[in-house]
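Listed here are the chains, written in short residue letters.
6 protein chains.
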Amino acid sequence: MSVLRTVTATLDRWLGIEPLYAHCDVPCGIYDPYQAAVAAKTVFTMDKKLTELPTPGASAQEQLEHRNTVVRMVQTKESHAQICKQELLILWSDYFKPEHLAMFPDLHETFWKAAKLCSYNKQHVDVAKAQELMDAVAKISDLFHKAEAAKKK
Amino acid sequence: MSVLRTVTATLDRWLGIEPLYAHCDVPCGIYDPYQAAVAAKTVFTMDKKLTELPTPGASAQEQLEHRNTVVRMVQTKESHAQICKQELLILWSDYFKPEHLAMFPDLHETFWKAAKLCSYNKQHVDVAKAQELMDAVAKISDLFHKAEAAKKK
Amino acid sequence: MSVLRTVTATLDRWLGIEPLYAHCDVPCGIYDPYQAAVAAKTVFTMDKKLTELPTPGASAQEQLEHRNTVVRMVQTKESHAQICKQELLILWSDYFKPEHLAMFPDLHETFWKAAKLCSYNKQHVDVAKAQELMDAVAKISDLFHKAEAAKKK
Amino acid sequence: MSVLRTVTATLDRWLGIEPLYAHCDVPCGIYDPYQAAVAAKTVFTMDKKLTELPTPGASAQEQLEHRNTVVRMVQTKESHAQICKQELLILWSDYFKPEHLAMFPDLHETFWKAAKLCSYNKQHVDVAKAQELMDAVAKISDLFHKAEAAKKK
Amino acid sequence: MSVLRTVTATLDRWLGIEPLYAHCDVPCGIYDPYQAAVAAKTVFTMDKKLTELPTPGASAQEQLEHRNTVVRMVQTKESHAQICKQELLILWSDYFKPEHLAMFPDLHETFWKAAKLCSYNKQHVDVAKAQELMDAVAKISDLFHKAEAAKKK
Amino acid sequence: MSVLRTVTATLDRWLGIEPLYAHCDVPCGIYDPYQAAVAAKTVFTMDKKLTELPTPGASAQEQLEHRNTVVRMVQTKESHAQICKQELLILWSDYFKPEHLAMFPDLHETFWKAAKLCSYNKQHVDVAKAQELMDAVAKISDLFHKAEAAKKK
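Residue numbers (our numbering), protein chains in the order written: chain R, 1 to 153; chain P, 1 to 153; chain A, 1 to 153; chain S, 1 to 153; chain W, 1 to 153; chain L, 1 to 153.
Careful, some of the hints might be misleading.
Which copy is meant is left open, so a pair is good if it fits within one copy or across any two.
[Stated by the list, open to error] Below, in silico cross-link-like pairs of lysine-lysine (DSS-like), each with a Cα-Cα straight-line distance of 27 angstroms or less: (1) Lys113 to Lys129; (2) Lys49 to Lys122; (3) Lys129 to Lys146; (4) Lys122 to Lys97.
If you're looking for bench data, these hints aren't it; they were derived computationally from the structure. Since the structure is predicted, the reported quantities are computational estimates derived from the model, not experimental observations.
Build the full structure now, drawing on both the sequences and the hints.
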């Protein structure tokens, strides 16, 4: 969603402290892998929490609390895997430009696999795959910062 | 929302691999460039209608009707350009598999350019670019149907 | 009229965007029972899959995967039953005109019952009732295509 | 949306003070024409405000304020016409039961026309038609309260 | 001021539409604690229903129906606790003005605690806490009506 | 606590997903004034861009482009003012605890005024007021970081 993207945008400036909307009217600061990284981390956290949930006691009340928690965690995982995917695809489709393909010949492959990991993480409760997703986002984050650095030369 | 629907389809295939709507004319049905094509067409139609809107009369009432229409058409264009982009990226990230890259070496490039066209069409009222978007979706639709045909061999 | 066109409006309406061009050059294409049919089919598929889910093994991991799947399928059923209902009610309220009542004296009853079936299918996991919903949508689809055919005479 | 409906639900109990979820598991108290009436009133108010907006001064700032206001009012009108329609269709499809058709032979026609008025009001800035919509909702409200009264006998 | 008017604004705000007419002729109607009260009541009802759900029979079908119901009730509770919170915070931030602080020195504390109760009720299935939430909203409703009464003097 | 973690919760809450793990091992990271600051900055940027938009040429095409841009900027401003408000109110209602009131006696007032500024900025195109909003969020950010620092002692 454009709202998501716009919010994401300035996250990088928080870290890098570049002026907002620096030298172009559709600001170069607008893109950032930060939101995707947070979402991937949230998927991971939900998987971990779901996996570590203590077996509830036998009382009806404890059973209910447990179920309330599971439903809410599954929903949180679902929405953050979706956010992660959207954020990555915004970077791929809007931030990266033809000149970046020369710098990163595996650009398309990298994003493609990361997007497929998002879908996998929706469908499963799998801590190892959530870790893979975080790693994939970290790799993309690295490409992004290299592209940013290249801009400043 | 299209996100929900798209998730659904993935679910189907992940679990049962049954074609949703098996015996209809959209058979493998779960992935389909159809929605993207419709959205691209809607963007085109909005651009065309905006361009051809008659100059309103001078009365306050005619002016108001005119403005009501412009706001609604811009919003419709915006949301359909977004839908088009989402639908295309779902095809790219979920439907197409590594084996398709051998069949369509320009797969990534094709989707990348189409996604960029969606963003352009949000930012402008440009009939020619909306036509380009429709053509890009038609090309993707062609890839899709070739991939489907290959499955059945 | 191309198939493409016929779905355009469905999308619009699915998004809560009222068709803007009721008497314009995209008229017959604006309404379509297709989306409702897909949604009904999805409800049916979710019911079927839920009913046929294998009992998970005793391991915590298998239990978790199972619960992840159930929550996601119930949510998918819910949203598609809602989409089906919305799509049908758009056809009823916007597509069908007074002249169609003469052609289809049971028009109102037909839609009324189908809408009630959508609500029923949210509240239950009932394959037979999901089948009834698909049949109801198929009947409505038939009315729609008869109305379209009458236009062209 | 189910949220909308559920919220609406208790509005009638505010007026009628019936226990929530009284004697059925899909509570008889849940339906109410109140939300639709409020939405129709909002459409009317937006039309009136749009019609009465003073011509802005010539300064760029006044022009901007004016445009900000118009866009926001058109959007408010759009969403409330949509809410009105949804609320009415929920009453029609879920609240009214076959036994009510005997009491109100024009039930279907009444709702059909009201729904069509909602669509009209989206597409235009027309105070008289917004008044018609409020009247249509008032008529439906009357049917509703008669149906409620009949229940208590 | 008619009852109808008083709820208009609540709807607006629920939809994220900021009231456009703060100093206009529909002023007293714009804010209302009614929506929050309904939402709190819905949270209470969901907790009660969840707590009282009969243990399902051993058949797979009964188990499925039971799970369908639990997921739907947890979701309904979640969304209504969120609506309740939003509605309360709109009253606090938009309706109450500096002059009300003199009338109600504990205004901020009252809202703060009520908002925290909303969050608690999302995270738990706790009938007693849902009752506390209803009481908190009732207290706020009382402040609101006192503020309204003061206006008319 | 990593930077990554600290934003996770903001996202959750922005999506209406209440943090599930209030006393768990991801505690200090869950709340963050960052999202609100980005949203306030976006409101400011939209006001600035709207104010500085060049007068379009007389051609129909230039007029259309101009209107497309205005509608989109007003919408972006609206949604970010709303996000800013939501983010601030989450901090106020969920992050800050009774012990913080002793540290920050003007806590409630500070948030109250900032929330009112969000509403003002929706209703107007006013660069100075958007600057005030950014300042208000910066002040809140300062309170937040002081509260965080106090935790670690």
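Is the C-alpha distance from Lys49 to Lys122 at most 27 angstroms within one copy, between copies, in both cases, or in neither?
Both ways: Lys49 and Lys122 sit 15 angstroms apart in one copy and 17 angstroms across, limit 27 angstroms.
Since the copies are identical, ignore which copy is meant and state whether Lys129 and Lys146 lie within 27 angstroms (CA to CA) inside a copy, between copies, both or neither.
within (26 angstroms within a copy, 31 angstroms between copies)
If the cut is 27 angstroms between Cα atoms, do Lys113 and Lys129 qualify within a copy, between copies, both or neither?
Cα proximity of Lys113 and Lys129: one copy only (12 angstroms, versus 30 angstroms across).
Is the C-alpha distance from Lys122 to Lys97 at most 27 angstroms within one copy, between copies, in both cases, or in neither?
between (29 angstroms within a copy, 18 angstroms between copies)
Checked against the numbered hints above, the structure violates none of them.
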